[in-house]
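Bring the two chains, given one by one in their own frames, into a single complex with the hints.
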Amino acid sequence: MIINHFFPQFMHKDTGGKLLLSLLALITIIVVTFNFLVAESSAWHMPTYMVTLLGKYLCLALLAIALDLVWGYCGILSLGHAAFFALGGYAMGMYLMRQIGDRGVYGNPELPDFMVFLNWSELPWYWYGFESFAFTALMILLVPGLLAYVFGWMTFRSRVTGVYLSIMTQALTYALMLAFFRNEMGLGGNNGLTDFKDILGFSLQSDGTRIVIFSLSALALAMGYIASRFIVESKLGKTVVAIRDAELRTRFIGYKVENFKLWIFVFSAMLAGVAGALYVPQVGIINPGEFSPLNSIELAIWVAIGGRGTLFGAVIGALLVNYAKTYFTGALPEFWLFALGTLFIVSTLYLPKGIVGLFERFQNKTSENKLEEKTA
Amino acid sequence: MKFISLKKNLSLHLLYLILSMIFVSNVNAKNIVSIDASEQSTDVTQSSHAQLEKLIPQLQVKNFKKKIASVKQLADIKNPQNITILEALLDSRLYYQKADKSVVIIQKKDNQYEIFSPLDNSKIGLVEKKTIKKITTNNKLRKTIRTLLAQKKVSHTDLIIRQAALKEILTSSDASLLPVLQQAKTNESDDSQKELLTLAIALIEVDSKDRSTRLSAIKILGNSVFPRAKGKLEQVLMTNEQGSFIEQDKDIIKASQKALKRIDSKLSLFSNLETLFFGLSLGSVLLLAAIGLSITFGVMGVINMAHGELIMLGAYTTYLVQQAMPNDIGLSLIVAIPAAFIVSGLFGIAIERGVIRHLYGRPLETLLATFGISLLLQQMVRTLISAQNVPVITPSWLSGSLVFNPAFAITYNRIYIFFFALMVFASLMLILKKTSLGLQVRAVAQNRSMATAMGIKTQWVDSLTFGLGSGVAGVAGVALSQLTNVGPNLGQAYIIDSFMVVVFGGVENLWGTLVAAMTLGITNKFLEPWAGAVMSKIIVLIFLIIFIQKRPNGLFPQKGRSSGGH
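Chains A and B are the protein sequences, given in the same order.
Take the first sequence: its position 126, counted from the start at 1, is 125 in numbering that gives the first Met the number 0, and no numbers get skipped.
Take the second sequence: its position 261, counted from the start at 1, is 260 in numbering that gives the first Met the number 0, and no numbers get skipped.
Since the hints were made in silico from the structure, they are not lab data.
Beta carbons are placed, not taken as given, at the ideal position from N, Cα and C, and that holds for glycine.
Possibly wrong hints are sitting among the right ones.
Where chain B lies over chain A, by a calculated footprint (3+ residues, C-beta under 8 Å) [to be verified]:
#1 134-148
#2 162-169
#3 325-339
#4 345-359
With the rest of the complex left out, here is chain B (with noise of 0.2 Å):
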């Protein structure tokens, strides 16, 4: 029973777990909190908005000088109501009312339109088309504007409102904001936007007529990894159709190409990052699907076929979980680990008790036998369920992704499932190393007879280990179905990949297993970009054949006499 009381370490590690979901969505909403706060606490006072109501109908006139003047009044007003107007007229969203000449903001709604008042945002009523007309714009008017947003909005005191103005203004360099740029670099204290206000300017800068601007403006974008700036650079290296640079200036041509190789070889490190986090994140998914198979197969040497269908059950327990509580999707995962361990556990000890207990000693049939229960558990998902894919939702905590820099982001999800792939590792050696449970069946392993002598009852460790084995299998499902696809064939597509890591790692070795799941994942995705995903695979796989040929006992073999005897 000393199985049960370590078990609690399990759970504290699950607790862990939880503990910091709960931190991560606090944060989150903390952040959601910040931004209402400072939307009203922007003070309006009493004589803007009349200013405001004053200007408002001026923008009206059928004259446009005469509206950019207004235009221009109305930027100056300190109310951030002005924000939304300007933004309503340049998105032709900005109406008068027939009627009574007075200005709204519309918003279609079916076949209507909603109308808002421009002076405090208030729905006014749902209209006809034929009862409002448009406030016309023209070209110079809407540059005025987009001018005089972008200049309000880098200048903004709330610090979202300005990243988000200037991830805009990056996007779309617009050589007359220069001045705006510079303006509002001198004010700017936040360090991180100050570095991109000065990327801004620089990507403007490019094209200037002073040499001395540009070079300096070159150098600037050499230390970015923002797209922009290497296709800025790309851009000042054009060559014409003779093959020679269009560029007259020879410095700036020499001092381009040295920026350009500098982002080049930042992008490359970068690159070769992210393919490192894809082949752990692809190694994490190989470990939780091959480590339940490495109890089974490598420590009671019993051939699972049906494995991949534990993990399908588990990815459905997630599945049905959620269906249960709709409305608390992030806590459902949660309460989907221990479900689907239960779940694939259960399973796991009936297809023991019922067909593997009758077997063993033929390990072939044994993979028959097994194989058969695999398609029986497809078919019974598929007709009680459904032969489709199933939606299972992914929480908030887990969608979104981790920001270095513009060439650099990881998903959450994969960070997590990296980090509960090693848990899942920890707490299952713990089990096999620390409690008399792993004790009775590391003996049972190395020799059956001997341990039933010693009296260990080796029909019921077989049980709880397959079960265990048959858990930990449920419990990647639950990590997998917030990767892929959730439907009956779930299964068939990790069963080879786990053999492969199992084998590779070589038997009755956990450690094994873990390496090995990590040096695939990572191979494969260092291949990709140069054979294609599909081939790459292919060259895993016949590497695999290849291997074991060389060492049939894989990475780490396993000691001891009855190695090698089978």
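Bound conformation, chain A alone (with noise of 0.2 Å):
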């Protein structure tokens, strides 16, 4: 097949990735194409909010990734990876804040406006290196990283599993919701961070950068993708798929389980604080909402019905519901969480595998049917 000669060796035979990533490259190029190049009086032209909008699904989208590989390839549920898509959501919100300067309501030029209003007069240790986005995207690796790691590092030691790791999971990002909620906490309370100006100098409202960032968040999807498919082919990923299979087999075979579990945790979680900071600079806003145990809930059910174990499942499921809920909280805002609801229940009784199970299911079916016919 020419196709395979643009993949890596790993991917000849995911037709379902090479698939997914060439509508990808497919869709930058329409989206750049109809939004930048077509003239805005054109009936061609694509509005700028609908680039967002799509920017804002793929962000979706690598984050259900992160999940999937926990989930789908190792089999821990965890339901609290918003939480990590929400800290690296701060640390990008916390350069852009600073990035504001003396533009501020209050037009102090050290002091987000928030502080100001708090009467605080110095700038807390922990927001010294925003200033610079080198050091900012580093946090964005390590700040989720971290806190994957020490959580993973005491829980999977433990030989905590199953619904037991879920729940503490939960608890996680609830904790850190509520700290998130305090003033105290120096991260915007409440309202959390919002009202930024501009990215690397560049004016986050014009239309230009708005492509620009839709485009590195495809690229980062497609990144994320070959760098999480590498890994579930590689050795580690094989060995990981047994832990999910047979735990203690593995353990008695003598792999170091609980290295393996962190490894693909800390990995994971870093994929999703990826996605927070590119989500941040779309939504221009980052609350403490984000880490709401209700979040980390639904995005278990994009990658459920997607069907986990095949990381493509995962990005059709974030797109599929997350366009639902535009639809339906646009339309129909009453019905959203009875669709919502349903979804969760039938995907669980009678999509076991999700969507693509159901096509795998036909495909199969095909198959029979023209072997049968050969056969005959």
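And the structure:
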């Protein structure tokens, strides 16, 4: 196949992934063309809000991949993945806050508006360094990664598994939400961080910046996908799947199960952090609501709907559910929670392998039919 | 069917609860009756009435000296009506009609004034503002009236009026009342009233000229936990800008410091007691919320994320029962308990039959599916009832508080919920340990396939267990409706806490749940004063996360082969 020349070796059998990446490239080209190159007056022009919306979806899809990596391949249902997402988002938000400089309402060159409002006299120590983009980029990876490392190190070592682990992660994100709601935390309290002006000197309001951030989101999703695929196809990935299917047996064979789990958990948390960091400049706000346990559980349902343990299934699920959410909350706001609730029940009862599984079942049937025709 | 016979035990408890509630409401009713009786029993002699009639017109003279004289005369009359008149004069509600110069008591009503006869409080009619004129007072007159009123009230025959009067005097101790108080103290027969009078006198005598009087007054203040006593001592110990005491007498300073120390140690003891009680009451709320979960999660191994919503349904059932019987709010709460049990229990059985049954052995999927159910239930309540919080009325026997002393009081609703939680706990214990259903539940929990082999209908047991756990959640909702706002999000606030309690206490262990709930409640409340409400919650959560790492099976781990295998 010619198309295989464009993909690395480990992706040659991954039809879904190849399709996904090709589509992603196509969408990016379409968006750039129709938003940026076609004149605004033209009927073919793509409005910028749509670009931002698509960019948001792509970030959420990256988050879904992060969860699929730990849940689908390692069997750890983390109900606190939105916490890593939000931490990445907060790191980016802090950078963007520092970029406002003296253009805030109070015009203080050093302190963000909410600190002036709270009568703080100087910047807390943990805000140091966030005026530099390189430092911020490091933090986007390091903060969620470190939290995942500490939490995972304690949890996996003491062999907390299954629903216990899920509840623990949920408690973690809940505790973080409560903490970030406090004004004393120095991160904007209830209102979070908002009112961003520009990034690396480019105005966040301009179409050009938005297109670039969108393209970066698409690139991040593609890179995240390829990296995740590389991991699951590697020897490490095979071990992780073995842990998912028979943890005790893997341990008895001689693998240090907790190290594998920890590795994949930390990587996944970093991926979630990147998704959050790209999400924040597009929506223009980050607040403690992102930590809410509901978000993390919703995330699990994207993955479940799309199909666990496939990576591209997670992307499909994230895009579909979020599109449905945007549609229903606009058209039938009352209906959305009914729809989401039903989705949870239906997908767990009738779609154990998600949409991807449904598609595969259909494909298997047709190939079986073909086989029967041939033998007949 | 033994299950049903032992349910009687539960209903016996309920009966006990109902009886105790009726008893309390009766006591309240008696108090009210006694007030009425005392007011009526005061005999109004003909002569005092005549005196009253003679004196009232004299109140409208312009000369304040004469006015004071007639006020004093008025106070001497042995007729309870004079208190009403003096109070009206003090509050500027005593007027005279311009037409016939007759004195009236007024009450503002919309733009007009209702007027009452000062002789017997009977209503005369409704008049315009311009037809009446106020009887003026000056500072001296008001002071005289205040003293006279205090004097009359602290030596009133009715204890309740005496208590109220003294309470007022204690909030604003007025040095001129000293002789009045001393007089009242010698005549006082009630012990607690006498104590308060001593305190009131001491509060005034601290500022007297005589040194030994001051010292003894300070000693008395040191024995009291009244906020005013502390304030007065701090006032004595005030320092000037250089930091040295304004008070010159060293003995007085020493005595005051000693007394203040005494008060502080007493206050801290009471505040600790109060915190302990708050902790117990939070613990009982947690226990109520978690105990149903302890059955479904602990015994059946099912993660029910809709547990919070089953609590919410119980709270809404309370609301609906109150709507159905608006005239019997006191009774409605009692009715709501079985109603909520049935409503939430049926919902629970439906959830088990419809969804959870198909997901046994897949705990993560169960978690997601039940979360979906919780969303459905929330939205159902929003659509069918309202997205806003609904008002649930607190019956009279639950409001008010048990006052031990000015520094320590406990609200009745928290006392009731504490005992209610313990009762629910005991009933569940009985059901699990003493009924055949309980036996079957425990058998299925320990070894499902062996239980099936022994002829236990495991599916039927599963449904009933789930119904029982859900029903208890509903009962918890009834209790919570008295403490927090009832809205569609009520359940979400409790779900994580409940899970923490169950996990902390150890799965399949109701005693563990009890200990865990109380420990977490008390810890939380003791952290609150120095960490703040939110921070203490965060600290408790982090502590729990770390605790689970150390002891993954909770405080009281489950024994046996099945533990740790999943």
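Coverage of the region 134-148 of chain A by chain B, judged on three or more residues with CB within 8 Å: violated (count 0)
Assertion that chain B covers the region 162-169 of chain A - criterion: three or more residues, beta-carbon distance below 8 Å: holds (count 6)
Outcome, coverage hint (the region 345-359 of chain A, chain B; C-beta under 8 Å; three residues): Satisfied; 4 residues make the cut.
Three-residue Cβ test at 8 Å for the coverage of the region 325-339 of chain A by chain B: holds (count 4)
The earlier numbered hint that this structure contradicts is number 1, and it is the only one.
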